[in-house]
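Q: Letter by letter, the chains look like this.
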Amino acid sequence: MKAFTKHTGLVAPLDRANVDTDQIIPKQFLKSIRRTGFGPYLFDEWRYLDVGQPGQDCSTRPLNPDFVLNFPRYRGASVLLARENFGCGSSREHAPWALEEYGFRAIIAPGFADIFYNNSFKNGLLPVVLPADVVDELFRQCEASEGYTLTVDLEAQTVTRPDGVQHRFEVDAFRRHCLLNGLDDIGLTLQEKDAILAFEARHRTAYPWLFQGP
Amino acid sequence: MAGKTLYDKLWEMHEVSRRDDGSSLIYIDRHILHEVTSPQAFEGLRLAGRRPWRTDANLATPDHNVPTTRAERAGGPQAIADPVSRLQVQTLDRNCRDFGILEFAMDDPRQGIVHVVGPEQGATLPGMTVVCGDSHTSTHGAFGALAHGIGTSEVEHVLATQCLVAKKMKNMQVRVEGTLGPGVTAKDIVLAVIGRIGTAGGTGHALEFAGSAIRALSMEGRMTLCNMAIEAGARVGMVAVDEKTIEYVKGRPFAPRGELWERAVAVWRTLVSDPDAHFDRVVELRAEDIKPQVSWGTSPEMVVPVDGRVPDPDAEPDPVRRDSIVRALRYMGLQPNQPITSIRLDRVFIGSCTNSRIEDLRAAAAVVRGRKVAPNIKQALVVPGSGLVKAQAEAEGLDRVFLEAGFEWREPGCSMCLAMNPDRLGPGEHCASPSNRNFEGRQGAGGRTLLVSPAMAAAAAVAGHFVDVRELLPAGQDAAA
Ligand code: SF4
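Protein sequences, first through last, are from chains A and B.
Start counting the first sequence at 1; every next residue gets the next number (the UniProt record's numbering).
Start counting the second sequence at 1; every next residue gets the next number (the UniProt record's numbering).
Looking at chain A on its own, in the form it has when it is part of the complex (with noise of 0.2 angstroms):
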């Protein structure tokens, strides 16, 4: 998993409530098989105003250019900024695979939902949680100011704005730990190995009706 520290970036303003997995990558996608090649279809619903389907070559379907990820300012954003309950919806991992093949690397909401703040974590892309009002004041100042950038540091746990004010976020020991490490979850658990036998083995003498097929 690739490693998050800190990192500054262009910030794109995405101003709705709920924004849902279904809207961050529509379901004609999920039928790759793969997990890679889904940053061009990122918000596909939104952001073009044809309807896309997987596969397709993205560079020349027409662009909605109401959508605020297609305004020339935020080309090359890093960092989005939402509303509350941001990744609402299904476990798709795929939408935070689209969110850091887009180039997102962190994303602040007042709130997210549970799988997707779960998920984000392992692919390297920070969800940083943030008090609402302090999250109507970052609208406001990157609505105001072109070329809008905050810097999140994981390891310090804050996002500083350009102005120098500092707000100081929340996170998980532990998926912080892995974060910044960039550690793979799988390789950490099977250090545990005999801690899960001699659970399972216990488990197993408990509930024997758990282990039985059909």
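None of these hints come from the bench; they were simulated from the model.
Misleading hints may appear alongside valid ones.
So, partial list: chain B residues that the calculated Cβ filter (under 8 angstroms) puts toward chain A [what the hints assert, rightly or not]:
no.: 1; residue: G22
no.: 2; residue: G127
no.: 3; residue: G151
no.: 4; residue: T152
no.: 5; residue: A315
Beta carbons: idealized from backbone N, C-alpha and C, even for Gly.
Using the hints provided, position chain B with the ligand relative to the given structure of chain A.
A: Just chain B with the ligand now, with coordinates in the frame of chain A:
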């Protein structure tokens, strides 16, 4: 010391180890797989040279992509017309073969939607941890199990280690006391709950449904409730074990038998929240206050009773919410203050892991019987949740009821719930659907989904617009499901 909640008990039963940073390793008893979220996980296993930890804990079935017409199904996976869907279904078959995982393949009579198949087979048992790369895995919590959706990285993690790294969530209880009126169903309860607490209302919580109205629901109804816990933001939905749970499980293929059955039942009876258990949050509803519900917008919290009206954004003081209402009305092609019963429909879909079990089909058939689908409805589809549900419905003659009314009777799968197969809405079309998500484009690009119970969908099909199903029910008849 306060007692324990059902969630506390299930968590303790499965905690392998606790780390200093507050996370735990949780043992997984059952892992269910489908074709969409598993290929990259199997690929990851291969690349790392790993094998599944315990093959017998896994069960797979293709559901999201499978065609539902008999013609397209007849030729097997190699005859699926869409080459991308075909490859995904074939990849699941191949992965299950390579890794020795039991699969109900597309032509197996037990194939169906993962969340219908698991409980039907007794592969979901009380007291289990159940995970699947699908957010509606919360469904299985209806059995007093700890069940939730996971992403593809976690699918790989469970395959490789039989565990997940997790942090304990908070406890939340939704209590519904009293008696539901005729024609009001589990679906209406859960839509009313989401309307009340919002789609982020349960975020960070494990949600237990309790109270006399929940106890009175069948297992099918409880699965409908727990299925939509995720739509209230809660990864986990649960109902405590009672006699109905035990009765439902008895005799199913994966269920224990003989002496083991007795031992299991003794454990299962303890899977209830203690009377003095502490919940971080409690929400209460009265069953008598719940009417048949209809969602009007593009989020499941945008819901009103069938006798209500589409909201007026001018009446909403909060700017972010007002903006959401304006946007949703535009997308849905609806007017502020429009009566719900004035919404005309183009298609009706009866199916999905929320409402495609035998009870749901019976409830819909009870409304449809002796009536015809209205002429303005372009298509009315019934898609049973599994091959076994389909067979049961046919044994009861429900297929005839639907066919005579003008419905299509299809093969099992997710179908028009998310339109990964050819069943989908055209742009701008309105669809009454007992599924779980009304997101933009969910049932087809530009399509407009209105969530209801199966009985309400059936009523809408025969009327051509929404009607209060309670007006269509013969006296003494109940659409409860
Ligand atoms: S029926 Fe719909 S919600 Fe359920 S698993 Fe299939 S696609 Fe997901």
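Q: Hints first: check each against the structure and report whether it holds.
A: Now the hints, each set against the structure:
no.	hint	result
1	G22	6 angstroms, holds
2	G127	7 angstroms, holds
3	G151	4 angstroms, holds
4	T152	4 angstroms, holds
5	A315	18 angstroms, violated
Against the hints set out earlier in the document, a violation occurs for number 5 only.
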